[in-house]
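Given next are the chains, with one letter for each unit.
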Amino acid sequence: MENNIGPVLLEAANLLLVGMVVVFAFLGILIFLVKLMSSLVGGDSPAPSATNSNQAARRPAPAKQDDVKVKAAISAAIHQYRQDNK
Amino acid sequence: MENNIGPVLLEAANLLLVGMVVVFAFLGILIFLVKLMSSLVGGDSPAPSATNSNQAARRPAPAKQDDVKVKAAISAAIHQYRQDNK
Amino acid sequence: MENNIGPVLLEAANLLLVGMVVVFAFLGILIFLVKLMSSLVGGDSPAPSATNSNQAARRPAPAKQDDVKVKAAISAAIHQYRQDNK
Amino acid sequence: MEGLATLWASTGIANFHWQQLIMITVGFLLLYLAISKKFEPLLLLPIGFGAVLTNIPVAGFSDEGGLLYYAYHIGIDTGVFPLLIFMGVGAMTDFGALIANPKMLLLGAAAQTGIFATLFGAILLNLIPGFNFTLADASAIAIIGGADGPTAIFLASRLAPDLLGAIAVAAYSYMALVPIIQPPIMKALTTKEERKIVMEQLRPVSAKEKMIFPLMVLGITLLFLPEATPLVGMFCLGNLMRECGVVDRLSKTAQNELINVITIFLGLAVGSKLSADKFLTVETLGILALGAVAFGIGTACGVLMAKLMSKLSGGKINPLIGAAGVSAVPMAARVVNKVGLEANPHNFLLMHAMGPNVAGVLGSAVAAGILLALVGG
Amino acid sequence: MEGLATLWASTGIANFHWQQLIMITVGFLLLYLAISKKFEPLLLLPIGFGAVLTNIPVAGFSDEGGLLYYAYHIGIDTGVFPLLIFMGVGAMTDFGALIANPKMLLLGAAAQTGIFATLFGAILLNLIPGFNFTLADASAIAIIGGADGPTAIFLASRLAPDLLGAIAVAAYSYMALVPIIQPPIMKALTTKEERKIVMEQLRPVSAKEKMIFPLMVLGITLLFLPEATPLVGMFCLGNLMRECGVVDRLSKTAQNELINVITIFLGLAVGSKLSADKFLTVETLGILALGAVAFGIGTACGVLMAKLMSKLSGGKINPLIGAAGVSAVPMAARVVNKVGLEANPHNFLLMHAMGPNVAGVLGSAVAAGILLALVGG
Amino acid sequence: MEGLATLWASTGIANFHWQQLIMITVGFLLLYLAISKKFEPLLLLPIGFGAVLTNIPVAGFSDEGGLLYYAYHIGIDTGVFPLLIFMGVGAMTDFGALIANPKMLLLGAAAQTGIFATLFGAILLNLIPGFNFTLADASAIAIIGGADGPTAIFLASRLAPDLLGAIAVAAYSYMALVPIIQPPIMKALTTKEERKIVMEQLRPVSAKEKMIFPLMVLGITLLFLPEATPLVGMFCLGNLMRECGVVDRLSKTAQNELINVITIFLGLAVGSKLSADKFLTVETLGILALGAVAFGIGTACGVLMAKLMSKLSGGKINPLIGAAGVSAVPMAARVVNKVGLEANPHNFLLMHAMGPNVAGVLGSAVAAGILLALVGG
Ligand code: NA
Ligand code: NA
Ligand code: NA
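Residue numbers (this note's numbering), protein chains in the order written: chain G, 1 to 86; chain S, 1 to 86; chain F, 1 to 86; chain Z, 1 to 377; chain Y, 1 to 377; chain H, 1 to 377.
Because the hints were derived from the structure by calculation, they are not lab data. Where a beta carbon is used, it is the ideal one built from N, C-alpha and C, also for glycine. Do not rely on the hints blindly, as some may be mistaken.
Each pair of labels, with its calculated beta carbon distance range [stated by the list, open to error]:
{"no.": "1", "chain 1": "H", "residue 1": "Tyr32", "chain 2": "F", "residue 2": "Val21", "range": "30 to 38 Å"}
{"no.": "2", "chain 1": "H", "residue 1": "Tyr32", "chain 2": "Z", "residue 2": "Glu342", "range": "41 to 49 Å"}
{"no.": "3", "chain 1": "Z", "residue 1": "Asn344", "chain 2": "F", "residue 2": "Leu36", "range": "29 to 37 Å"}
27 Å max Cα-Cα, derived DSS-like pairs, lysine-lysine [stated by the list, open to error]:
{"no.": "4", "chain 1": "Y", "residue 1": "Lys311", "chain 2": "Y", "residue 2": "Lys338"}
{"no.": "5", "chain 1": "Y", "residue 1": "Lys311", "chain 2": "S", "residue 2": "Lys35"}
{"no.": "6", "chain 1": "Y", "residue 1": "Lys38", "chain 2": "H", "residue 2": "Lys208"}
{"no.": "7", "chain 1": "H", "residue 1": "Lys103", "chain 2": "G", "residue 2": "Lys35"}
Reference listing, derived: stretches of chain H covered by chain Z, where coverage requires no fewer than 3 residues with Cβ under 8 Å from a Cβ of chain Z [as the list claims (entries may be wrong)]:
{"no.": "8", "stretch": "51-61"}
{"no.": "9", "stretch": "251-260"}
Using the sequences and the hints, build the whole thing.
Structure below.
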C-alpha cells in the first residue's frame, strides 16, 4: 500500500500548491477590481452628507417602483372600496 | 421562395379573419352573460347603503370562518397559556 | 357470488379484531410512556409558579438563539446603516 | 372559412360526452359546497376546480403532459403531498391537552372502530350485486372513518387509486358534516346528567414534555408499526419543529406557505381523479353510504368508551368528549363544546375535547399503518 | 505544476466562443435594463441572469444535469411555470371595473387585432430572404402583441420553443416600453376634445358578482374554446380563490410566495434559451420588429374601437382607454391615466382603464387558445 | 389470529439489524445536539430526523419510491438544493464590510489553506491500514475546512456521494463547535497586545457599489474559474436580488420561504445518507478527525495572515479577525468579537470580522471550483 501512495501524494501536494496559488490569485484580482470599482462609482470615501442624500434619493425610488402590479391592485381596490362605501 | 408563400399567406389571412371573429364573439357572449349575471344577483346599480350593509354582512363572515384550524389552534394555545400562567 | 364471499368476510372479521387490538395496545403503551415521561421530566403536577419561571426561563432562550444568521445579518445591517448616516 | 369549422370541431360543445357534463356539474357542486356552505373549503375548492378541469374535453388536463397529470403523478402517486400536509398539520397541532391527560388516547383508539367495522361492512356490501370491493378497496374506503383527509388520501393512493377521488370527496364532505352527523348520536347515547358533567381543569404541560412527546411517538411507531412511520414520522417531524423552539422559521414555513402550496396542488390532483368512468359508478354510492356509517360508528364507539371511562372514574369524565376521538380536528372538538354548552351553559369542554381529538389523528394513522401492513403490499 | 495548465485549459478565457461573449453581454444588458431602467425587473432580472449563466463555457448550466436544464424542462417544457404564474396573476386581479362596465370587453377584443395582424406580417416577412417563419413560428411571435408575459411564454413553449428566448425578451421589453410606445399613437388617433372626456363613475360591484365572474369565464371557455382552458382555467382558479373569501390563505400564497418562487425559476429558464445559436440570428431582429408592430397595431385598434364606442354612446367614453386593451397590466392603464391628465388635469381615467386592461388579459388568452386550436397540435 | 403474527413479522423489533439501531441512536444524538446544544439546529434537526427515518426497517424511506429517496435524488443528486440554499444565503449576505475594506479578501484566501492541507492529510491517512481515500474522496472531505454547509454538500454530492452523510454532519457539527475550536488557536497565535488593537471605522459603502459587487464576482468567476459558477453564480444572483432594490419581493422569498422549504428537504435528504453501511466505518472516524484538523489549520492560517497584514500595515489590523476567514457565517465573526472583547472590553470587532467572514464564503466556493476542475470530471 505504502509504495502505491507516492504518486497520489505527489498529486495532493501539487493540488495544495496550485489550489492556494489560484485562490490567492483569484481573490487578489477581486481586491484590485473592488478598489477600481469603488473609485469609479465614487464610493471611495464619500462625504457622509453626500452619501446620505445620495441614499435618501436612491433607495426610496426603487422601493416605490418595485412591484407596481401589487401596488396598482391595492390602489384599485382602495378606490373601488371608497366608491362602494360612498 | 416567393411563389411558395401564397398558400401560407392565405392561411394567415384566414387566421386573421377567423381569429378576430372568434375573439369578438367570445368576449361579446361574455358581455351578455356578465350583464345577465349582474341583473340576476342584484348587483345592477344597487342602492349604496344596501350594498354597504350587504358587504358588511357578507365579508366578515367568510373571514371569520376561514381557516378554522389555525384559529382553533391559536385559541387553544392561548387557553393553554393562560392556564399555565394562572 | 355469495358463496365466494365467505373467506374474505372471515379475513375482514379477523382484520376488525386484530386492528382494534393493535390500536388499543399501541395507544395503551403510549399512555404508559407519556405518564412515565411526565413523571421523569418533572412535568407531573408542577407548582404553577415553578412552571412559570421555568417557562419564562426556557422559552425566551431558544427564541433568542434561533436563527442567529438572520439576527446577525440584521444587526450588521443596522450597524452599517448607522455608520452610513453618521 | 375552414378555420371556423376546425374551431367548431374543437369546441367543448362538439366534443362533450354527457358523463363529462355530469362530472363538471359535480365539480361545480363541490365548489358551491366549499364556498357557500363552507364545507372544508381549503380542500374542496381545489378538488372541485380540479374535477371541472379534468372533465373538459380536448384540453387534456389529466392526459400525459397535462397539468393535473403532473400534479397527480408527482404528488399523490408518490405519496409526497399527503405526507407534507401531515408534516404541516403536525406543526399546527398542540398536544398539550393530550399530554396533560394521556388516558384520552383510549378515546382516540375506540373511535377507530369506525374504520375496522366499515371494512367489514364494505366486504358485506359485496353481497349486493354490482359491488365488488376487494379487501384493499374495502380498507381504503374504511379509512374515511378516520376522519382525517391526508391519511385517507395517502392510504387510498396506496391501496385503491381508482377510488381515490370518491374516497377523498367523501372524507372531506363528512368532516364538514360533523356538526350535523355527530350531535344526534352523542345525545342518543348519553343522559342529560352525563352531558352536564364538568371536568376538572387540565394541569399545565411543560415545553419539555411537548418536545419529547413527538419523539416518543416516533420511537414506539418505529419499534412496533414501521409501516405507519411515513405518516406518523412526518407528523412527528412537524410537531417536533413546532415544539423544539430552535427552528421556528422552518416550523412557520411548514404550517403556512408550504402547506398552502401543497394544498392547492393536492386538491387539484384529487379532483383529477373525479373522471366519469371512475366516479359515476354504483361503487361511489357505496362509498358515500359506507363513509356515513364509518363516521357514525366511530362517534358512537368513542362516546361509549368515554361513558365507560366516566363510570370507572366515578363521573369525572364527560362522555361527550368521546365523540372528538374520530379526529376531524378541530371541528369535532367544537361540536363537543357546543353540545356540552346546550346541557350546561357554563361547561366549556373545548380543551378537554382537544385531547381525544388529536389522539384520533394518531389513532387513524396507526390504523392506516395496520392496514398497510396486513392488506397492502 | 501541470495543475495550473489543466486549470488554464478549463478557464472561461480559454474556452469562450465570441458568440458566447456577445450573449453574456446581452445578458448584462438585460440586467442593466431591469435594474437601472426598471424594465419589468421581476422578470428581466432573472432572464438576464439566466442568459449570462447559460453562456458560460465549461459550466454546463443548460446541459443535461445542469440547473437551468432542469428549470427549463421541468417548468417550461411542461407548461407548468407560466400556468402557475397565471394562477397568481388571477389571484392579484380585480375584475370589479370590468364587471361594472362589461362593454369594456370589446376593447380587450379589438386590441387583439395586433396579434392576428402581426401573424400575417410575420408570414409576409418570409418574402425577405433569410426569414423562414412557419405558421407556428408566426403565431408564437404574434402573441407578443398580447402584451402578456406568461401567455407569450406558454404559447411559444408550445409552438416555437427555439424562438422562446427572443419572444419572451421582446414581450417583456415592449411591456416595459409601453409608456414610450403608446402615447404618440394614442394622441395621433384622438382629438384633444376626445381626450378631455370625463367618464361617469363606475357603479359598485358586489362580492357575489366578483365571485361568479371567474366561474362564468371558465364556463364559456370550456364550452367554446377548451384549448384555452389551461391558461384561462388557472387564471380563473386564482381569481376565484381571491374572490370567494373562504380560502384567503391559499390566495395569499398564490399571489406572493408561490408566484415569487416560480418567477425566479421561470426567468432563469427563459434566460437559458438565450444561447448564441438561437438568439444571434436575423430572425431575432424580425421578432423585435414584429413585436413593436404588434404593440402599435394593438394600441391603435383599441383606441379606434373606443373611438367608435365613444361616438355610438354619444361621447360618454374617452377613447384613450382603448389603448389599455392590449393588457400590459397595469402599465397601460397608468399610461392612459397620464395621457388623460395631460389633456384635462382633473380627469382620472385609471379605474376606467382597468376594465379594458384586464379584458385584454382575457382577450390574449382567448387568442392563444384559438392559435393553439388552429395552428398547434 | 394469523393477522397478529403477520403484523409481528412486520414490526421494527422483528426486523432490526443492530446497525440500524445504532444509526437511529446517532440520529437521536444529532437531534439532541441540535435542540439542547443548539448545534446549527436549522440543518442538524432535519438531518438527525432523516437519519432516524432512513434506518427504520420495513418503512423503506430511502428505497425507490420512498420520501427520502425522492428528496435525495431530486434535490442533492442534481445539485439543486445546495445551489438554491446558496442563492438564499447570497440574498442574506451584506458585502458592505468587505467592499469597504477589500484587503480582507486575503484573509478569506489564507483560511482556505485548511482545505488543501487537509486534502494532503487525507491522502496521508491512507498510510494507516483501513483507510483508502481516493483523490476525489480526499477533496470532498477537505472541503469541510471551507466551513460552509451548502458548498460541502454540493462538492460531496459531485465527488464522493457515499461519504456525503458523514461529511455534512462533520461540517455542520464543526461549524457549531467554532466557539470551542477557534479561541485556543486564536489566543495561541496572538499576543495580548495584538488582540487589543482597535481598528478604524469602516467607510460607508454606497448602494451602487453593493449592487455592482456580485456582478463583478460573477464576471471574474466566469472568466477564470467557470467550474465554480454554479455555486458562485447562484450566490451572486441572490446577492444581486438583495442589493439591486427593484426585486425586493423575489429577494425576500429567496431568503425566507424558499430557503426554509429547501432546508427541510436538504436536511432530510442528507440524513438519508446516514445509513449503517455508509456511516459505521472507520472512514467516518477519519472524516471527523480530518474535519477538526481542517478547521484548525484554516483558523491558524487566517490568523497568521492577519498577523502578517497587521505588521505590514503598521499595526492597524487586529490579527484576531483572520480567524473569521474560514467563513462559518456569522458564528466565526462573533467568536472574533468575543475574544476581542476579552482582551479589550471596548473593542467591537464584529463589523471588521464580517469582511473576512463573507470573504471566506467566496474563498471556499472558489476552492470548490478548483477541486471540481482538477479532481472532478
Ligand atoms: Na382519526
Ligand atoms: Na392582451
Ligand atoms: Na469558507
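Status of each hint after checking the structure:
| no. | hint | result |
| --- | --- | --- |
| 1 | Tyr32/H / Val21/F: 30 to 38 Å | 34 Å, holds |
| 2 | Tyr32/H / Glu342/Z: 41 to 49 Å | 48 Å, holds |
| 3 | Asn344/Z / Leu36/F: 29 to 37 Å | 35 Å, holds |
| 4 | Lys311/Y / Lys338/Y | 23 Å, holds |
| 5 | Lys311/Y / Lys35/S | 22 Å, holds |
| 6 | Lys38/Y / Lys208/H | 15 Å, holds |
| 7 | Lys103/H / Lys35/G | 9 Å, holds |
| 8 | 51-61 | holds (count 7) |
| 9 | 251-260 | holds (count 3) |
Of the numbered hints stated above, none is contradicted by the structure.
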